[in-house]
Amino acid sequence: FGGGVGETFGGDCGALAGAMLVIGHLHGRRLPGEDWKLAAQLGAAVREGFVKTHETAHCAALRERFGEAQQMAECRKLVTSVSRELVALLDQAAASAC
-4 FGGGVGETFG GDCGALAGAM LVIGHLHGRR LPGEDWKLAA QLGAAVREGF
46 VKTHETAHCA ALRERFGEAQ QMAECRKLVT SVSRELVALL DQAAASAC
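For the sequence shown, our numbering begins at -4 and goes up steadily by one.
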């Protein structure tokens, strides 16, 4: 999801979009009408944590802050941190379900 989504640089960071796909795949509805509360809670937690840490989730704002020379390196760090946070949240959700 480089550059937000498809290099549009608009909207949320692509790392967040990827995290939402993982959450939806693992905990989203399989059939219409099924409960999706856990998926919504996990998605909100990931996004809220991201915004708390980075003060924004907007791709263009993040890239501007990073500067041209550091954009790719900083985006890689974002992907890593979002992935780690997501794994921790998914582990917590699994432990709570047991």
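For the record, the hints were derived by calculation from the structure and aren't laboratory data. If you're wondering where the values come from, they're calculated on a predicted model, not measured in any experiment. A hint or two may mislead.
Ranges between beta-carbon positions, derived for each pair [as the list claims (entries may be wrong)]:
1) Leu21 x Gly62: 15 to 23 Å
2) Thr75 x Gly1: 37 to 45 Å
3) Gly5 x Gly62: 16 to 24 Å
4) Gly1 x Ser76: 16 to 24 Å
5) Phe61 x Asp30: 37 to 45 Å
6) Ala35 x Asp86: 35 to 43 Å
7) Ala68 x Val46: 15 to 23 Å
8) Glu2 x Ala64: 13 to 21 Å
9) Ser91 x Ala55: 30 to 38 Å
10) Gly1 x Glu50: 36 to 44 Å
11) Ala89 x Thr48: 22 to 30 Å
12) Thr3 x Ala68: 19 to 27 Å
13) Lys72 x Arg24: 31 to 39 Å
14) Ala35 x Ala90: 39 to 47 Å
Cross-link-like lysine to any residue pairs, in silico, SDA-like; alpha carbons within 20 Å at most [to be verified]:
15) Lys72 x Glu43
16) Lys72 x Gly(-2)
17) Lys72 x Gly(-3)
18) Lys47 x Met15
19) Lys72 x Ala40
20) Lys32 x Leu16
21) Lys72 x Lys32
22) Lys47 x Gly13
23) Lys72 x Phe61
24) Lys47 x Leu84
25) Lys32 x Ser91
26) Lys47 x Cys70
Glycine residues also receive a C-beta, built at the ideal position from the N, C-alpha and C atoms.
Verification of the hints:
1. Between Leu21 and Gly62 the Cβ separation comes to about 35 Å, which falls outside the hinted range of 15 to 23 Å.
2. For the pair Thr75 and Gly1, the supplied restraint of 37 to 45 Å is violated, since their beta-carbon distance comes to about 21 Å.
3. Against the hinted window of 16 to 24 Å, the Cβ-Cβ separation of Gly5 and Gly62 comes to about 19 Å, which satisfies the hint.
4. For Gly1 and Ser76, the hinted distance range of 16 to 24 Å is satisfied, since their beta carbons lie about 22 Å from each other.
5. Checked against the given bound of 37 to 45 Å, the beta carbons of Phe61 and Asp30, roughly 39 Å apart, stay inside it.
6. Our hint of 35 to 43 Å for Ala35 and Asp86 is violated, since their Cβ atoms are close to 18 Å apart.
7. In this structure, Ala68 and Val46 meet the distance hint of 15 to 23 Å, their C-beta atoms being roughly 21 Å apart.
8. A beta carbon spacing of about 18 Å between Glu2 and Ala64 agrees with the range 13 to 21 Å that was offered as a hint.
9. Between Ser91 and Ala55 the beta carbon distance is about 36 Å. The supplied range of 30 to 38 Å therefore holds.
10. Hint check: Gly1 to Glu50, Cβ distance near 24 Å, so the stated range 36 to 44 Å is violated.
11. Distance hint for Ala89 and Thr48: a CB-CB separation of about 23 Å, consistent with the stated range 22 to 30 Å.
12. For Thr3 and Ala68, the Cβ-Cβ distance of about 21 Å falls inside the hinted range of 19 to 27 Å, so the restraint holds.
13. Separated by about 32 Å at the C-beta atoms, Lys72 and Arg24 satisfy the suggested range of 31 to 39 Å.
14. Checked against the hint of 39 to 47 Å, the pair Ala35 and Ala90 fails, with Cβ atoms roughly 19 Å apart.
15. As the CA atoms of Lys72 and Glu43 are separated by approximately 18 Å, the hinted pair is consistent with the 20 Å bound.
16. Pair hint Lys72 plus Gly(-2) holds up; C-alpha atoms about 14 Å apart against a cutoff of 20 Å.
17. With a CA separation close to 13 Å, the supplied pair Lys72 and Gly(-3) stays within the 20 Å bound.
18. For the hint pairing Lys47 with Met15, the CA-to-CA distance comes to about 17 Å; that is within 20 Å, so the pair holds.
19. Straight-line distance between C-alpha atoms of Lys72 and Ala40 comes to about 19 Å, which keeps the hinted pair within the 20 Å bound.
20. For the suggested pair Lys32 and Leu16, the alpha carbons sit about 15 Å apart, so the restraint of at most 20 Å is met.
21. Only pairs whose Cα atoms come within 20 Å are accepted, and Lys72 paired with Lys32 is rejected, the gap being roughly 29 Å.
22. Between Lys47 and Gly13 the alpha-carbon distance is near 19 Å, which keeps this suggested pair within the 20 Å criterion.
23. For the hint pairing Lys72 with Phe61, the CA-to-CA distance comes to about 11 Å; that is within 20 Å, so the pair holds.
24. Distance check on the hinted pair: Lys47 and Leu84 sit about 16 Å apart at the alpha-carbon level, within 20 Å; holds.
25. Taking the CA atoms of Lys32 and Ser91, the gap is about 14 Å. The hint holds against a cut of 20 Å.
26. A hinted pair counts as satisfied when its Cα atoms are at most 20 Å apart, and Lys47 with Cys70 qualifies at roughly 17 Å.
Going through the hint list in order, the structure does not satisfy hints 1, 2, 6, 10, 14 and 21.
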